[in-house]
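Undergrad: One-letter residues, chain by chain:
Number of protein chains: 4
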Amino acid sequence: MIGNGFMGAAHSQGWRTAPRFFDLPVDPQMTVMVGRDPDKNAALAQKWGWAEASQDFDAVLARDDIDIVDIVTPGHLHCDMAIAALEAGKHVICEKPLANTVDEARRMADAAASAADRGVLAMVGFTYRRVPAASFARDLVARGAVGQVRQVRAQYLQDWLSDPEAPLTWRMDKSKAGSGALGDIGAHAVDLAQFITGLSLTEVSGVMETFVKERPVLAQGQGLSGSAGTERGPVTVDDYAAFSGRFDSGAMGSFEATRFATGRKNALRVEVAGDKGAVLFDLEDMNAVQYYDATAPGTEQGFTRIYVTEADHPYMEAWWPPGHMLGYEHGFSHQVKDFVEALASGSQPTPSFADGYQVQRVLGAVERSANDGSAWTATE
Amino acid sequence: MIGNGFMGAAHSQGWRTAPRFFDLPVDPQMTVMVGRDPDKNAALAQKWGWAEASQDFDAVLARDDIDIVDIVTPGHLHCDMAIAALEAGKHVICEKPLANTVDEARRMADAAASAADRGVLAMVGFTYRRVPAASFARDLVARGAVGQVRQVRAQYLQDWLSDPEAPLTWRMDKSKAGSGALGDIGAHAVDLAQFITGLSLTEVSGVMETFVKERPVLAQGQGLSGSAGTERGPVTVDDYAAFSGRFDSGAMGSFEATRFATGRKNALRVEVAGDKGAVLFDLEDMNAVQYYDATAPGTEQGFTRIYVTEADHPYMEAWWPPGHMLGYEHGFSHQVKDFVEALASGSQPTPSFADGYQVQRVLGAVERSANDGSAWTATE
Amino acid sequence: MIGNGFMGAAHSQGWRTAPRFFDLPVDPQMTVMVGRDPDKNAALAQKWGWAEASQDFDAVLARDDIDIVDIVTPGHLHCDMAIAALEAGKHVICEKPLANTVDEARRMADAAASAADRGVLAMVGFTYRRVPAASFARDLVARGAVGQVRQVRAQYLQDWLSDPEAPLTWRMDKSKAGSGALGDIGAHAVDLAQFITGLSLTEVSGVMETFVKERPVLAQGQGLSGSAGTERGPVTVDDYAAFSGRFDSGAMGSFEATRFATGRKNALRVEVAGDKGAVLFDLEDMNAVQYYDATAPGTEQGFTRIYVTEADHPYMEAWWPPGHMLGYEHGFSHQVKDFVEALASGSQPTPSFADGYQVQRVLGAVERSANDGSAWTATE
Amino acid sequence: MIGNGFMGAAHSQGWRTAPRFFDLPVDPQMTVMVGRDPDKNAALAQKWGWAEASQDFDAVLARDDIDIVDIVTPGHLHCDMAIAALEAGKHVICEKPLANTVDEARRMADAAASAADRGVLAMVGFTYRRVPAASFARDLVARGAVGQVRQVRAQYLQDWLSDPEAPLTWRMDKSKAGSGALGDIGAHAVDLAQFITGLSLTEVSGVMETFVKERPVLAQGQGLSGSAGTERGPVTVDDYAAFSGRFDSGAMGSFEATRFATGRKNALRVEVAGDKGAVLFDLEDMNAVQYYDATAPGTEQGFTRIYVTEADHPYMEAWWPPGHMLGYEHGFSHQVKDFVEALASGSQPTPSFADGYQVQRVLGAVERSANDGSAWTATE
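Protein chains in written order, with our numbering: chain A, 2 to 381; chain B, 2 to 381; chain C, 2 to 381; chain D, 2 to 381.
Derived by calculation from the structure, the hints in this document are not laboratory data. Treat the hints with caution; some may be incorrect.
[Said to hold, decoys possible] Derived pair list, reagent style DSBU-like, types lysine-lysine, alpha-carbon separation capped at 35 Å:
hint	chain 1	residue 1	chain 2	residue 2
1	D	Lys277	B	Lys214
2	A	Lys48	D	Lys41
3	B	Lys41	C	Lys48
4	A	Lys214	C	Lys277
5	B	Lys48	C	Lys41
6	C	Lys48	A	Lys175
7	B	Lys277	A	Lys277
8	C	Lys177	A	Lys277
[Claimed, not checked] Quick list of the computed label-pair ranges, beta carbon to beta carbon:
hint	chain 1	residue 1	chain 2	residue 2	range
9	D	Glu215	C	Lys48	58 to 66 Å
10	D	Gly50	A	Lys41	50 to 58 Å
11	C	Asp81	B	Val27	40 to 48 Å
12	C	Arg37	B	Asp40	43 to 51 Å
13	C	Gly50	B	Pro165	44 to 52 Å
14	C	Glu166	B	Glu318	15 to 23 Å
15	A	Ser346	D	Gln349	31 to 39 Å
C-beta: ideal position from N, C-alpha, C; glycine also.
This is chain A alone, in the form it adopts within the complex:
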């Protein structure tokens, strides 16, 4: 695993836990964790259960006992690392967004396509697909439970930048993060909306806004909670992105990604309305799906809150009795399960780098549209 931020903890938990609940075809070993800072990396590798720690990505790639590379670094490092790993014959999981630019994402998708010809497989980490309720929402739509999809409302609402004194981090620096709310969380909304509906966005009209244009700079060595000094630096990414989109079926989508939705902590919501019903997934209520059956008798229609915790629901047989909740990191165990099973069977894991590239094109189109007065812009 390359990287040791908060995503590293989540991925480690996935690698560690998946074999304990699922019957995997192979038993993944947590061999080596790569990071720049030797002390921090060694300490976290030990804490998270990796056998070794290393600062040398290239050396790790050269090892024969490494089959899988899991990339959880910031977005601007994804492209080179993933391509190098694939060229070294390693299967790759790469965190989302696939890359910071459409061009990088295209190169990665190309590299993955070539690698796949050699039996080397790549996947991008849109983990929220693997929340059982999100998978079940997809199943409902796929079996026709909402009929023909007409409208999608997708939002990812957070509020951690609402405070204008929250300090400047790499996530507010366009050169490192690529974009702000759009790429960080809007990417999830786009992927999940397309995943649940099975549709693809073909054109978009968007707007982006930065509400707080300067933020306190953290002094060297200061943690996030440290008292910021008087220096301020520019925020070069969007705080807020909203767009309308048209899907290939003609359905319309309304999207919003913001880190200024005061009071909303992690509200990734996708509501899909069709001529026979509707489904709603909300990450703040992540063990449930709301389903409306418009074909039920008129006096009995309503949104049914389905706890997606039955043994017959996606992924749930491995876990607990009905009504026992899963949390955020379970998706990472499901990701490991799906990835390992795909590798074992030699089939392409999803979402592929091509899927990640398509999401990137949507994000790129939103950005171009926003820079072009919200003109409708094709995602191709």
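Starting from the known structure of chain A, arrange chains B, C and D on it as the hints suggest.
TA: What follows is chains B, C and D alone, placed relative to chain A:
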């Protein structure tokens, strides 16, 4: 109409409004309102739309142009007034609880039975039955949607006595109010639970408690919001009543009535669980019913929140388009409609005085049980 | 009152009820109801409690005993009627949207300004402002409870056109309705968002879509529920409208109006996020406001669901004890109260025709933007 | 660890995960798992990450490299195993309920007291205390946020026995399970209510009921989902238990435990009402607490839904950013953390066996009361 408290306003609104939305077989006239205090009564009669005001109940009973007497006085006055009205040949609506004692209630039920033989009809005002969602919950149970009922959880939770400095009123005086939470709001929980399930309680085991035993006495002429003096008087009724009950079918009920449920303003909730499903009515969400269909496919079961605002739902055709909410006082219009239609057809309106007497017997049994160490006590 | 559709029933209930709960400075009389079809109009006038029925609008305008004209006709009739009434010296309430075109709305606003100089006053009927919870949300924002507003999310979601076999009515005919979801329900979202925030939209970027382009034509005399024939006619209005907007303060708004949001019956929602807090109003939960106080201690922050039913809440002192719900039509009583009080004091009632004209300009700008590839369009 | 049922999986996940997120004073090793069936036990030990498997409890107790014994067997085995382990000088975690009878529980508490004198410590596994929201609810009450507690409403509602054809298992056999709903889930309600309030129940009046008195017997080797044969066996435990309780402070409690609450999967709810506020914990919404502050300004009071996912909330600093949910099994990691920290510091972990014994006395008193016509029965 006899009485001019807050219930008088509600009943007046019912009489005034019902003919404007429903096609009634006769057109009720708001003839005369009776109250003790001449100035207050005259002013309120005018405000609420009564043609005349009077202080003389007997004189009103003697009038030929009065067909219906609507009694909204405190409970200790119900018995004599209702019996006098029935004997005078007037149809009677009497607010709940039917009376303050089981004995009074029995006499009223007897009087109503005699009167019915002469074509004079009586009804007790458990208005919450006529909230469309409550009626619809009853319909669901009646058509077998929950199967055989096993358990009922019924609560009426309020918090207006939670503040120990809330002043002493007649509702805390046993000689006027009969009982506290039990008769005031527990009566609704009992009636609604029996109404929705179609079952009757046969025995109960209960407990009653007074948390605040003394409260400030209002000086003469002080309103409820007036600053209370230093004098304190005893609270002689229950603040809290809870009981278990056994229904005639063998189903079990769990009941709670309290005016100390901090934060709960008007939470009259009845949840009915059967072997095929469950329904939940909650007065704080009064335009909806929650229905669980245990016969649905396993992965799709959940509580469906049905907005009871479709034209096919009880009483709703007369009102607004789907999704437009009704409020508290609509039940009083529905009560007028049902009562007037029953009179016009010569059939017994429900709930009858006999029904009110049965509720009173349940309350009486709870009180006896509470005084007898929670021993199980028959409601007969 | 001019017009006798469903809005006529609602306005009549307002005129009839307001004096029974509020102490109005004058006592409005329900004198005459005007409608085209003599039989239907006479029957409804009687049912709804109007003393007379008439087919002659001009004759009614000429009467000395008429002081107020309440216009509840379809939108294309508003302009001429309202101007005529104002010129005849009558105070006017006109249902929303003020008119079907920006030009009509401007003429009406001009006429109202002239009339005001003569002491003749006009108001447009955005009744949802007068739902106590909506008024209270406005109060919270006005007193700084959310701080500086950054984002607004406003939606009006209905689903009654979701069924492609729902018949064609005048509301789907651009010549009568002006627009579809945008003018019918989007107007409410725009007005309420501006009302609650105290801000005005200055430019918009929008899209409109018609999902079902042809619908069954009702045969002559068929009711809405009648089985439609085989003939189909074109839908000439939008089923769905979505737009981004910029407020005069720099805040961003995301708006959506649709009659295809399967399962959403009457979901008018306005969520306002500022740097100190957030408020959410939802018409499907109309007796409550959700308020988030971002200045509370960190571990205790959350959305507080405030039942807006306390005596100190807007309009509530006149009604019931805490926790007793109001419904849809109470807003019409509040409208009568506010209008009559404004007339009695000679002050301008709000929202004025100028306010209605401003909303119309916003809607007009959305329509122009949608026709111009979602280009940002000023509301002036 | 002794036992390999579903609780074994949960405890294993706790032992495996806690050191990866918390900085523990010592690093627990998963040494050996004990179970009766050698093949099953060996397979599960490997799957769950235990270094060895064994069938010999005594031999394990004799080993020097074992410091801690974690007992997750059915209740009738707890007493002998725990006492033997304590006498062998091993620290003990024992799953709840502590034992099947009050007498066994007393002996265990005595043994734990003796062992504590020798520095050998014991804890009972009421894991729900360690759900962060439950811990935080306790913190709120402890700091006076609800004032003086007057009422507690505690329910544990499940529905997995609602189907009368659900097969007979050891949980419906009094000789193995001790009791039914009461001990299995009611124990949690009692413990959590006492934990959150800091109060102890002193007397109770209860009722117990078995709705389905016979169930299909599983043929040998049949799994739970196997088609049951025609043979039926008696259910010897309660399906439903309800009781009123009096706390040492005079507060009243209303309790209900049932596995027949159709539609309720895992609804462990504790609502505490005091003179200054109220708190509600609901395991079906386990990442949140609802808090009502009755000292807030009157127009702004309401239940605040606090996501207990901030770094300052109990246990949360170790996990994810705000708004990222925890699930069912996180409580087991918290249990490991708290237990290991207590051992390292030589302090008594809570809940102690004495606490478990006290809960058992409450359950015993409920059972005696139910057998004595619901007479009030002391918990001593």
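Undergrad: Would you list, in rising numerical order, the hints stated earlier that this structure does not obey?
TA: Per hint list: 6, 10, 15 violated.
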